[in-house]
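Protein chains in written order, with my numbering: chain U, 1 to 297; chain W, 1 to 306.
Just so you know, the hints here were simulated from the structure itself, not pulled from any lab data.
Treat the hints with care, since some could be wrong.
[What the hints assert, rightly or not] Quick list of the computed label-pair ranges, beta carbon to beta carbon:
| # | chain 1 | residue 1 | chain 2 | residue 2 | range |
| --- | --- | --- | --- | --- | --- |
| 1 | W | G187 | U | W48 | 41 to 49 Å |
| 2 | U | G260 | W | V45 | 41 to 49 Å |
| 3 | W | Q189 | U | Y27 | 40 to 48 Å |
| 4 | W | L280 | U | V59 | 48 to 56 Å |
| 5 | W | V33 | U | L119 | 17 to 25 Å |
| 6 | W | G243 | U | Y146 | 43 to 51 Å |
| 7 | W | I156 | U | H257 | 17 to 25 Å |
| 8 | W | A258 | U | W203 | 48 to 56 Å |
| 9 | W | A199 | U | Y27 | 24 to 32 Å |
| 10 | U | S162 | W | G187 | 45 to 53 Å |
| 11 | U | L112 | W | A258 | 32 to 40 Å |
| 12 | U | Y27 | W | G243 | 25 to 33 Å |
| 13 | U | L42 | W | L280 | 44 to 52 Å |
Quick reminder that beta carbons are idealized off the backbone N, C-alpha and C, glycines included.
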Amino acid sequence: MYRRWLWPGFALPGILWLILLFVVPAYAVVAVGFGTVDPVLLQPVPLWNPADWNTGWLVEVLHRLQPGGTFFGVAVRTIVYVGVALVLSLLVGYPVAYYIARHAGRTKNLLLVLIILPLWISYLMRMLAWVNLLAIDGYVNRFLTYTHVLSEPRDWLGGQSSTVILALVYGYIPYLILPLYAALDRIDRSHLEAARDLGASPWATFRTVTLPLSKAGILGGAVLITLPMFGDYYTPNIVSGAPTTSMLGNQIDFYFHYGGQPTIGAAITVVLAIFLTVLMAYYMWTIHRAARDVPAV
Amino acid sequence: MSVAAERPAASISTGERVRGWLRNPWGRPRFLVLVTWTYVVWSIVPVLIAVQFSFNATRSRTVWQGFSGRWYWGDPVDSVWHDPTLRHAALQSLKLGGADVLVATPIGVLLAIGLARWRGWGSRPANFLMLFPLVTPEIVMGVSLLLVFTHVFTFIHTGTIAQILGHVTFSISYVVVIVRGRLFSIGRQYEEAAADLGASPTVALTRVLLPLLTPAIVASAAVVFAISLDDFVISQWLSSGGGTDTVPIVIYGATRAAPLPSTNAIATIMMVLTLLSLALAFLAWRAFTREERRASVATEFGGFTV
């Protein structure tokens, strides 16, 4: 009896903690999103029993997410920002990870430390650094006007989409490079030698051996950075603050902190969480399929 | 193995050299060298410039006008030492970080041991549940914790206690991941040996397993401290304003108003604290595992000079 309950007993405090402070809160969002609003106090009234659920708020949010609705532009912008930031991160991150995994030689450990370092520097500190650099009289504008790339300083922090996308890339790319590096580093060099011995060109070797073998790393890293980017609201707020660059996360932030309508905020959160769960499920399915198709080497 | 390397170096033209390293997957790819080092510079230099401006002699964060420590302690009003907002924020961050380490580390270590050894009904869902906080966007966690404290656990108000509970919730999974990695590399043979020699499970645990886990416990404590200091979203959603604002919240507010170099100064202090705690944990890990590494080097790589 004692032995049987020993290990579950160890896990119990943690499991209880996660149920009380992760599962119950997640359900609270659903209950508020499907709840009603007190007509006098204007406070959200959560409905805990699914049989009582009021789908009005969710329908309204979904309605406003459709073309012509007030959230449509924000949703499209969020997807475009995240998509462009992801592609840019991959274009920069893949060569970096590839170089460190395959060619860095004696500098490998140093480079690994240098690419891990940004992960341990506070995100807000790194954004603050760019706010300093991108100010009207900051180093970026001074360099660009000195080299005559720009004739006069550009207002980088005044609501530019390009600034927000670059800030997202800067913020999240370290989380992409690490899984990419891990995947590329795991590839057995004998596979590459086999491809080369069988007459494949370097490009063909990369395309048919390296790239497919690093697919899990690409997907894993992509998921790792897209999930938080979809929920980001502080990056656009810090480097722009303008409504023209607002993302879905900003809407949630707005309805809770400024708009005073937590019910709509909760309904958007539910929609966002469902969307991200679908993304995650697609990723799990791809990994599962890849693991089934490719026999272990 | 390589084509280019077999030719005498002197007779290679530029075109041939380019083709040579294109053909040779182990040659030095200059394009990749350039991309990698540009990336490293781009990722780190802005932060170094921000650190530099925390020592600026004037109020500017964009024009360098000489070295001074005024934003750390010299300025009687706006320095980190004298500005009550900044001092409070630093204390609040340290308070949350310390409490997070004290609560999340033991819970996480127990959960990791339990999940690694428990083979029964419920272990799979528990493993699955543990992974969720790692992939949930912080804003979703922030919203859900705020709503749970305003509608379910109404006896806990937003503020320090709620912030600590929130930080522990996202920290536990990190501890589990680190400790479980170590548990897998240790294997079960030491515990089994202890059991064969007559140790009860409790004795095997406290006298055999826990000492072996010490490096992982130290490392996860440092990681928890670091992610707690760096956290912005959960702290903000569960803050009740004023005295419960942490350093990241103050930086966030400052970037949108008119920040002084003292913002850079407090950000620098927190960065140094984070990196210091991780460096100490890394050194501790190396010290703890030195003997093991020597042993494994001797057995596994005996033939090589390492």
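Hint by hint, here is what the structure shows:
1. Checked against the given bound of 41 to 49 Å, the beta carbons of W/G187 and U/W48, roughly 46 Å apart, stay inside it.
2. Separation of U/G260 from W/V45 is about 42 Å and conforms to the stated range, judged on CB atoms against 41 to 49 Å.
3. Between W/Q189 and U/Y27 the beta carbons are some 43 Å apart, a value that agrees with the proposed interval 40 to 48 Å.
4. With their beta carbons about 54 Å apart, W/L280 and U/V59 fall inside the hinted range of 48 to 56 Å.
5. Between W/V33 and U/L119 the beta carbon distance is about 23 Å. The supplied range of 17 to 25 Å therefore holds.
6. At about 45 Å, the CB distance of W/G243 to U/Y146 agrees with the hint of 43 to 51 Å.
7. The beta-carbon spacing between W/I156 and U/H257, approximately 20 Å, falls within the hinted interval of 17 to 25 Å.
8. Range check, W/A258 to U/W203: Cβ separation about 52 Å, and the 48 to 56 Å hint holds.
9. For W/A199 and U/Y27, the Cβ-Cβ distance of about 43 Å falls outside the hinted range of 24 to 32 Å, so the restraint is violated.
10. Roughly 52 Å separates the CB atoms of U/S162 and W/G187, a value that falls within the hinted 45 to 53 Å.
11. The supplied range of 32 to 40 Å is met by U/L112 and W/A258, whose beta-carbon atoms lie about 39 Å from each other.
12. The beta-carbon spacing between U/Y27 and W/G243, approximately 31 Å, falls within the hinted interval of 25 to 33 Å.
13. Judged by the Cβ atoms, the range 44 to 52 Å given for U/L42 and W/L280 holds: they are separated by roughly 50 Å.
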